[in-house]
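Here the protein sequences line up with chains A and B, keeping their order.
Heads up: the first sequence begins at 1 in my numbering, then just goes up one per residue.
Heads up: the second sequence begins at 1 in my numbering, then just goes up one per residue.
In short, the hints are calculated from the structure, not lab data.
Careful, some of the hints might be misleading.
Unchecked claim - The calculated lysine-lysine pairs, modelled on DSSO-like cross-linking and capped at a C-alpha distance of 30 Å, are:
hint, chain 1, residue 1, chain 2, residue 2
1, B, K2, A, K239
2, A, K37, A, K133
3, B, K2, A, K87
4, A, K87, A, K133
5, B, K67, A, K96
This is what each chain is made of:
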Amino acid sequence: MNGSGWGLVIATFLASAVETVEAFTIVLAVGITRGWKSALLGVGAALALLVALVVLIGPGLLAIPINTLRLVVGGLLLIFGLQWLRKAILRASGLKAIHDEVAIFAREAADLREHGPVVPGAFDAYGFSLAFKGVFLEGFEVIFIVLTFGAIHQSVALAAVGALLAVIAVIVIGFIVRAPLSRVPENLLKFIVGIVATTFGIFWGVEGAGVDWPGNDLAIVGILAFTLLFSLAAVAYLKAKVEAHSAVVSA
Amino acid sequence: MKAIKAFFAFVYDFIVGDDWRLALAVVLGLALTWVLNSAGYPMWWVLPIVSFGALAWSLRRALQSHKRP
Chain A
1 MNGSGWGLVI ATFLASAVET VEAFTIVLAV GITRGWKSAL LGVGAALALL VALVVLIGPG
61 LLAIPINTLR LVVGGLLLIF GLQWLRKAIL RASGLKAIHD EVAIFAREAA DLREHGPVVP
121 GAFDAYGFSL AFKGVFLEGF EVIFIVLTFG AIHQSVALAA VGALLAVIAV IVIGFIVRAP
181 LSRVPENLLK FIVGIVATTF GIFWGVEGAG VDWPGNDLAI VGILAFTLLF SLAAVAYLKA
241 KVEAHSAVVS A
Chain B
1 MKAIKAFFAF VYDFIVGDDW RLALAVVLGL ALTWVLNSAG YPMWWVLPIV SFGALAWSLR
61 RALQSHKRP
């Protein structure tokens, strides 16, 4: 596997890990409060639908001319990357609350308990639908990453390997600790994925519009470095502004 | 019908996210790059400038709304 292949696997692994941690928190809350039978049925149904989507959309994407694919996928990836980067910068600078899996778990569990008792052994439609929704919506984001990165590299299978490794890692760690994965540095992962998605989004978007980059593939390194520097500078600037504002307010 | 609506709302939130201006800037940046290239002006730097300009603007707006009481 070459450098580009490793980059593909690492990018899909990181992005999928973030989404899987979020889905795991929801399933854990459903399983503990409403029972594991309905929770796991919801997970299974969501996974089946996600696999069906990949089978339906995947081959079609690979049939699209590469420049059209680069333009559309590059654009989508850039929008997605900028949104993640914005969120991660705002969180790192203190302008937005950090994603707290323990708090989310407690909130979900309290909501689930309020929804009435569960009859032992009976199918719990509420628990099923919550687990299904959580896994399907978070899984849809994983699919988006896998299909976009994979289609451009002409290797959906390699991208899927990264995602699958992330899902396995999160599930194994989750079952060992049996608690919400609060120690996963989710904002850092989001920051990295935002930088990678923005970089490749810009690179493929420009190529898809028919323009060649100076230095061809080497331009990726330049865009990556600029995106990283821009993001770190933005965090430092916003942090200083927030601290100065807090000092004025508390004075 | 409710589920379909909810799904499209999710897709909108997933792609467009918290600030629709970022999505609009990317579409405009790509369109401008394509139009300029078609006219014989291949300008690779247009999309990065538009993208990072839009992100900086979006962050500034977030900071201003935080400062507002």
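Structure-based check of all given hints:
no.	hint	in the structure
1	B/K2 with A/K239	violated, 41 Å
2	A/K37 with A/K133	holds, 16 Å
3	B/K2 with A/K87	holds, 29 Å
4	A/K87 with A/K133	holds, 23 Å
5	B/K67 with A/K96	holds, 13 Å
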